[in-house]
Amino acid sequence: MVTTPDGGADSASVSNAPHTHVSLVTKSAVVLLGMTALLNLYLTQPILGEIAAWAHIPTTDAAWTISTTTAGVAITAPFAGMLSDRIGRRRVILAAVAAMAVMTVAALTSWSYPALLAFRCAQGMCCPFVFAVVVAYIGEEYEPGSASTLNALYVAGTALGGFSGRMVAAVLSDWAGGWRLSFLGNAVILVLTLAVTYWGLPPERHFIRTADRGVGGFFANAGRLLRKPRIVMSVLVGFALLFQQVASFTFASLALAHPPFSLSTSTIGLIFVVFLIPTVTTPRFGTLMDKWGPRRAFLASQSVSVGGLVLTLFPTIPTVIIGLALSCVGVFAGQAAGTLMVGRLAAGARSTGVGLYLTGYYIGGAIGGVAPISCYSAAGWSAVVAVVLGVVLCATAMGWWAWRPFESNNAPAA
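Each residue of the sequence shown is one higher than the one before, counting from 4 in our numbering.
The reader is advised that the hints may include incorrect statements.
Pairwise CB distance ranges, derived in the manner of DEER restraints [what the hints assert, rightly or not]:
id: 1; residue 1: G226; residue 2: P263; range: 24 to 32 Å
id: 2; residue 1: S265; residue 2: V191; range: 24 to 32 Å
id: 3; residue 1: H59; residue 2: S26; range: 49 to 57 Å
id: 4; residue 1: A179; residue 2: A400; range: 44 to 52 Å
id: 5; residue 1: H59; residue 2: R230; range: 41 to 49 Å
id: 6; residue 1: I280; residue 2: A389; range: 20 to 28 Å
id: 7; residue 1: S26; residue 2: L392; range: 42 to 50 Å
id: 8; residue 1: L316; residue 2: W403; range: 19 to 27 Å
The set of hints was computed from the structure by calculation and includes no laboratory data. Glycine included, each C-beta is placed from N, C-alpha and C at the ideal position.
Sequences and hints are given; from them, build the entire structure.
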């Protein structure tokens, strides 16, 4: 801290110092922002039957309400950081949450299925402006101890959002006898988040507007990185991970609504509580990567996924739930390895590398929601499992090859 001649603290130094005190309202804002990052993304998974009945389409075709949202994320994910670099983190976060609330209310007024798909895509396009910017804001504005606390709260919020978005949708849909109230419930959460964020996130002290090359710079770096096979394989690993997650939970939801299970919508929504398990297991996977190296740890994570998917083939509710939980644990662990490795392989252009990885990741989610439709229609859940297993095994092989230079965490980049 700088002091004035009379021994007093210099006010400019104080105002520019990192935040050290984290208020309860700030913690609440960060948790809610973590929730909203994933709240809308998969909210239609447990209510596909209700949407299909309203739109007079096959239930499997209602899965496009998931794919269009993840496609929207893929479109804007590479550019969210660039926009916040230019106009400020807090401003972008507030605008994104407000836009999400508006698009969610608009979605519940949908007059046709194509209109609903358009609004779902718009919801997805807003998401990266929350999850890609909040972490940057925390890192810039808080000293390391406080930043670690807030990052942990944010991660917990994302897990809670992945569960609560689906659960709120399922319960409200069952209660109201239709899908529209599900969107209204999530809109209320978004409005609450906007209010708490406005009051809880302090104005930036350390934001510096960037003078980088913007979109042109991103595409120049992207073109250079995509000429490297190991980068391409890493992006495809990301594609496969979300393909697996979206395909398995979307079509498992459909299967559980029909014999021999015939579960209600709200009961299916409860199954998504398994999304809370990776909040405990993924940090431990980080320890495993330190011990075994990322390549062997990734192989272990995908072995867990394969075991879980096979377990879902046994037609009992406990085996399906445990299998989906194991698959989910494997996806989150694999994601931890994938983001780490693409950052290392893209040394010198890490933000572009991560942007490419996230684009591939969400394109995988978009395709995973619809690609298995014909398989499910023809042969049911077992055919979907066969497709997903094939994707997982391909991803495992690609990661094993692409990350060979990193046998341990101390290995140099290729």
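Against the structure, the hints:
At about 51 Å, the CB distance of G226 to P263 disagrees with the hint of 24 to 32 Å. Take S265 and V191: their Cβ atoms lie about 31 Å apart, and the range 24 to 32 Å holds. A hinted range of 49 to 57 Å holds for the C-beta pair H59 and S26, which are about 50 Å apart. Checked against the hint of 44 to 52 Å, the C-beta distance between A179 and A400 comes to roughly 46 Å, which is consistent with it.
Take H59 and R230: their Cβ atoms lie about 47 Å apart, and the range 41 to 49 Å holds. Look at I280 against A389: about 25 Å separates their beta carbons, and that is inside 20 to 28 Å. A beta carbon spacing of about 47 Å between S26 and L392 agrees with the range 42 to 50 Å that was offered as a hint. Against the hinted window of 19 to 27 Å, the Cβ-Cβ separation of L316 and W403 comes to about 25 Å, which satisfies the hint.
Hint compliance for this structure: hint 1 is the single one not met.
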